[in-house]
Amino acid sequence: MKSRSRLNSDMYRKLLFKAILSILFSLSVPALAQTSIGNYQSGFQKKGNEVYFTTAEGEVRLEFCTPDMFRVRASWNKQFLPNEPYMVVKYDWPAVQLQTSEQNDHFLLQTEKLHVKVIKSPFRLEVSTADGKLLSADALAGKEGGLAKQGEAVQVKKQLLPDEHFFGFGERMDFLDQRNKRLKMDVGRGKGLPHHVGAYNILEANYCPVPFFMSTRGYGIFFHTAYATEWNMGNSNPETYSFKAEGGELDYYFMNGPSFKNLLDQYTSLTGKSPMVAQFALGLHVGTYSGGTWGYEHLTSDKYVVELGRKFRTHGIPADLLHLDSTWRIFGKVGGKGATSFEWRETFKDPKGMFDSLYAMNYKMVGLHLRPRFDNGTKLNLLDQARAAGFVYPEKDNPSEFVNFFDQKAVDWWWENGVKRIADQGAMFLKTDEGSAFGGLANKSDKVGPTGDDIKWMHNVFPLVYTKASFEKFQEHNGMRGMAHTREGYAGIQRYPFIWAGDWPSEWQYFAPVIKAGLNVGMSGVSYWSHNMGGFEHVADPELYIRWVQFGMFSPIAHLLGMEHPNYKEPWNYGEDALRNFKKYDLLRYQLIPYIYSEAYVNHTTGTPLMRALVLEHQNDPNVYDITDQYLFGSNLLINPVTTKGAKTRTVYLPEGTWFDYWTGKQYKGRQFVHVLTPLDTIPVFARGGAILPMQPEMRYIGEKPVHTITLDVFPHGSSRFELYEDDGQSLNYQKGAYAITEITSEKTAAGLTLKVQKPKGNFQAPTHNYLARIRWNGEKAPAGVTENGKKAIALKTTAAVEKEDGWFYEAESKVLWVKTKRSNKEDITIVVK
Numbered sequence: 001m002k003s004r005s006r007l008n009s010d011m012y013r014k015l016l017f018k019a020i021l022s023i024l025f026s027l028s029v030p031a032l033a034q035t036s037i038g039n040y041q042s043g044f045q046k047k048g049n050e051v052y053f054t055t056a057e058g059e060v061r062l063e064f065c066t067p068d069m070f071r072v073r074a075s076w077n078k079q080f081l082p083n084e085p086y087m088v089v090k091y092d093w094p095a096v097q098l099q100t101s102e103q104n105d106h107f108l109l110q111t112e113k114l115h116v117k118v119i120k121s122p123f124r125l126e127v128s129t130a131d132g133k134l135l136s137a138d139a140l141a142g143k144e145g146g147l148a149k150q151g152e153a154v155q156v157k158k159q160l161l162p163d164e165h166f167f168g169f170g171e172r173m174d175f176l177d178q179r180n181k182r183l184k185m186d187v188g189r190g191k192g193l194p195h196h197v198g199a200y201n202i203l204e205a206n207y208c209p210v211p212f213f214m215s216t217r218g219y220g221i222f223f224h225t226a227y228a229t230e231w232n233m234g235n236s237n238p239e240t241y242s243f244k245a246e247g248g249e250l251d252y253y254f255m256n257g258p259s260f261k262n263l264l265d266q267y268t269s270l271t272g273k274s275p276m277v278a279q280f281a282l283g284l285h286v287g288t289y290s291g292g293t294w295g296y297e298h299l300t301s302d303k304y305v306v307e308l309g310r311k312f313r314t315h316g317i318p319a320d321l322l323h324l325d326s327t328w329r330i331f332g333k334v335g336g337k338g339a340t341s342f343e344w345r346e347t348f349k350d351p352k353g354m355f356d357s358l359y360a361m362n363y364k365m366v367g368l369h370l371r372p373r374f375d376n377g378t379k380l381n382l383l384d385q386a387r388a389a390g391f392v393y394p395e396k397d398n399p400s401e402f403v404n405f406f407d408q409k410a411v412d413w414w415w416e417n418g419v420k421r422i423a424d425q426g427a428m429f430l431k432t433d434e435g436s437a438f439g440g441l442a443n444k445s446d447k448v449g450p451t452g453d454d455i456k457w458m459h460n461v462f463p464l465v466y467t468k469a470s471f472e473k474f475q476e477h478n479g480m481r482g483m484a485h486t487r488e489g490y491a492g493i494q495r496y497p498f499i500w501a502g503d504w505p506s507e508w509q510y511f512a513p514v515i516k517a518g519l520n521v522g523m524s525g526v527s528y529w530s531h532n533m534g535g536f537e538h539v540a541d542p543e544l545y546i547r548w549v550q551f552g553m554f555s556p557i558a559h560l561l562g563m564e565h566p567n568y569k570e571p572w573n574y575g576e577d578a579l580r581n582f583k584k585y586d587l588l589r590y591q592l593i594p595y596i597y598s599e600a601y602v603n604h605t606t607g608t609p610l611m612r613a614l615v616l617e618h619q620n621d622p623n624v625y626d627i628t629d630q631y632l633f634g635s636n637l638l639i640n641p642v643t644t645k646g647a648k649t650r651t652v653y654l655p656e657g658t659w660f661d662y663w664t665g666k667q668y669k670g671r672q673f674v675h676v677l678t679p680l681d682t683i684p685v686f687a688r689g690g691a692i693l694p695m696q697p698e699m700r701y702i703g704e705k706p707v708h709t710i711t712l713d714v715f716p717h718g719s720s721r722f723e724l725y726e727d728d729g730q731s732l733n734y735q736k737g738a739y740a741i742t743e744i745t746s747e748k749t750a751a752g753l754t755l756k757v758q759k760p761k762g763n764f765q766a767p768t769h770n771y772l773a774r775i776r777w778n779g780e781k782a783p784a785g786v787t788e789n790g791k792k793a794i795a796l797k798t799t800a801a802v803e804k805e806d807g808w809f810y811e812a813e814s815k816v817l818w819v820k821t822k823r824s825n826k827e828d829i830t831i832v833v834k
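The letter at position 499 of the sequence shown is residue 499 when you use the numbering used here, and the numbering goes up by one with no holes.
These are calculated hints, taken from the structure and not from any lab test.
Predicted, not measured: the structure shown is a model, and the values here were computed from it.
Please note that a few of the clues may not be correct.
Unchecked claim - Label-pair restraints from in silico Cβ distances: (1) Q99 with T451: 46 to 52 Å; (2) G703 with K822: 36 to 42 Å; (3) Q150 with T451: 20 to 26 Å; (4) W508 with E416: 24 to 30 Å; (5) K822 with Q99: 43 to 49 Å; (6) D131 with K584: 50 to 56 Å; (7) W508 with S121: 53 to 59 Å; (8) G452 with N623: 46 to 52 Å; (9) W508 with V448: 31 to 37 Å.
Stated by the list, open to error - Below, a list of computed lysine-lysine pairs in the DSS-like style, where the Cα atoms sit at most 27 Å apart: (10) K516 with K273; (11) K46 with K133; (12) K379 with K333; (13) K583 with K648; (14) K273 with K90; (15) K90 with K409.
Here a beta-carbon is modelled for each residue, glycine too, at the ideal position from N, C-alpha and C.
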């Protein structure tokens with residue numbers, strides 16, 4: 001990223017501040033008067049991918065990045081800022097074949113995919129596909145065009161077409177479809193009353209706003225600004241929508257899909273693709289207050305943490321990562337609970353021994369919670385030292401405390417003098433909390449942090465540089481793929497996974513909104529997302545705990561943490577039903593790791609998230625626009641959490657296609673609503689017709705045993721395909737092509753089924769394994785026979801037998817056909833069922 005940015009972050013910040021002041025002093029109109037960019041006057045020219053227009057009030061530049069994407073920039077003083085290095089990672093684009101022509105009243109800019117009409121008076125844009133479909137058009141505001149400035153704020157107004165619906169906008173808990181809504185986007189938890197203890201208004205929750213949306217007409221817009229923004233998506237006028245930033249220049253990217261998946265691919269190509277996380281990071285993450293949350297800090301201990309890790313192993317509950325929340329450290333002399341001293345609480349007698357014990361139990365990573373402000377402890381005075389060295393961000397009227405993560409020297413000092421102390425003892429990642437407190441109100445504190453005009457745009461990108469510092473430093477220190485666990489984010493946060501939904505109480509009223517947050521953030525380029533299973537504060541209703549855990553195990557990251565004393569969301573504290581449910585779904589998640597990991601690779605290469613709102617794959621089906629309690633988990637599983645207390649049934653919408661009840665194998669036609677039973681121990685799950693789900697044996701932690709056999713859970717219907725992704729699971733070698741892909745296809749016809757498993761292809765030597773196919777057989781007749789690579793397979797007598805030796809067995813009662821291959825993945829395999 002550094003090589004792609006034209007100036008370093010310090011230079012960018014200084015030039016931006018100067019530009020803001022220049023604009024303010026040069027304005028000749030009243031502060032609140034709205035000024036259009038004006039009519040086109042002269043100066044039309046084309047330089048490479050860029051086209052320039054001079055207007056009565058300023059200058060407009062259009063830069064074509066690809067045939068499907070272009071950037072729009074408008075300046076009222078004809079000065080443009082250098083490219084920022086935080087949100088966007090790609091500014092250098094190959095040449096685009098661009099044809100330009102001029103007519104009396106407009107210019108026409110044409111690529112192979114888009115036709116952009118630039119109307120001269122009033123100056124405005126109309127964008128159509130190459131075959132003539134209107135995608136978007138700037139609106140007229142009286143006699144003015146769609147690009148305007150009002151005081152410091154810049155705004156775009158566009159026509160709202162009758163069939164448009166809007167999705168994205170980051171991690172929002174309010175709505176999925178934002179048509180006719182108004183939104184304010186600025187990183188923070190919200191301040192509005194009334195709110196419950198520990199949970200602010202879900203309408204204001206803004207932990208990870210992303211100024212990007214996708215329209216069902218097949219286009220997307222990324223508002224390239226770090227300033228607080230306002231979006232009026234048809235609320236004031238049903239014929240127009242607008243987006244406005246409180247400062248900076250007018251800068252946005254327009255993308256043509258037409259599919260939402262294509263748009264996410266383009267957006268994440270612009271702001272960065274998610275890396276591959278270590279395979280074990282897809283296992284269970286357990287957070288702990290070490291035995292004592294607020295008011296009970298004296299009860300914390302390293303012994304509690306070790307015993308917690310041991311209990312998961314004793315109960316046979318799979319887990320791979322632990323993190324210690326706030327109470328591992330003493331509360332410092334200046335910032336109290338809101339700052340970090342990097343000194344262990346006196347109740348932790350042997351921190352290194354604690355780490356060593358957990359790693360000896362095969363936990364892969366153990367991390368610690370911290371906040372972005374230095375503090376002085378009893379032995380270390382890091383705050384004083386950082387102030388003296390200039391490594392905290394200066395504050396106008398208050399002593400400085402926030403680490404200046406915009407300065408690489410400050411980041412290096414923070415690491416060497418603070419974080420490395422705990423890394424050398426055994427910590428392998430950080431939970432970076434309170435990124436929103438830089439220029440905003442901190443959690444449980446009156447500390448606001450730096451303020452001023454230059455902070456207005458830094459507030460939203462601070463979580464990026466904060467999380468980036470942790471991610472990159474630990475990745476280098478650990479010598480494996482990095483991981484960051486953070487609460488706040490903004491455009492580009494997907495590069496430093498993962499983000500969690502915030503501290504929502506264990507109440508039914510917050511369960512469904514948290515699901516909505518995951519759907520929205522996935523539609524905004526962020527795949528690795530989590531939440532506190534069972535909620536965060538308060539002792540949960542056991543039924544709520546059970547239902548929330550079911551959802552959590554089918555979330556991109558499975559994460560457990562509670563701060564209520566003394567339960568802490570540990571499953572054995574919520575009764576036998578809760579413990580049994582937790583173990584059942586955790587074990588299932590670990591079996592599904594090959595499927596989840598393969599879908600994570602899809603996210604890495606395309607930007608398509610693991611947790612997908614139904615509209616992501618069915619954007620032309622109005623039935624799904626308001627469905628906020630169902631989602632696709634990867635490409636093949638439809639997950640339907642139960643969010644109503646006491647519910648014995650729920651209604652599920654099955655999108656277009658054929659669907660199978662995952663638990664029973666019953667087949668359904670799509671594009672219909674069905675009513676299903678929801679016993680307490682069951683979350684409704686449907687598999688797409690044709691689904692192929694690669695699975696591994698049950699494990700208590702990733703890598704507990706070699707995977708000699710991969711089970712292929714197959715739901716035959718028509719022709720289908722799945723790519724099994726494999727690599728070493730934790731190094732960065734995948735970035736150099738060290739991975740293998742196994743293509744698996746299924747074809748169901750009237751004559752039977754053909755299942756093909758190709759040899760792995762790629763630069764990684766995949767471990768040797770054979771395959772056990774679990775085929776949901778829905779034919780009227782039992783299979784007549786099975787062949788493998790043209791040779792008759794042995795008919796076995798029991799399921800147990802087929803698990804031990806090659807051959808096949810048909811369970812008539814459950815209608816499941818089991819086939820164990822004789823051959824391994826060292827050769828191509830073709831199974832034919834007659």
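Can you give the numbers of the hints that this structure goes against, from lowest to highest?
Going through the list in order, the structure violates hints 2, 4 and 5 and respects the others.
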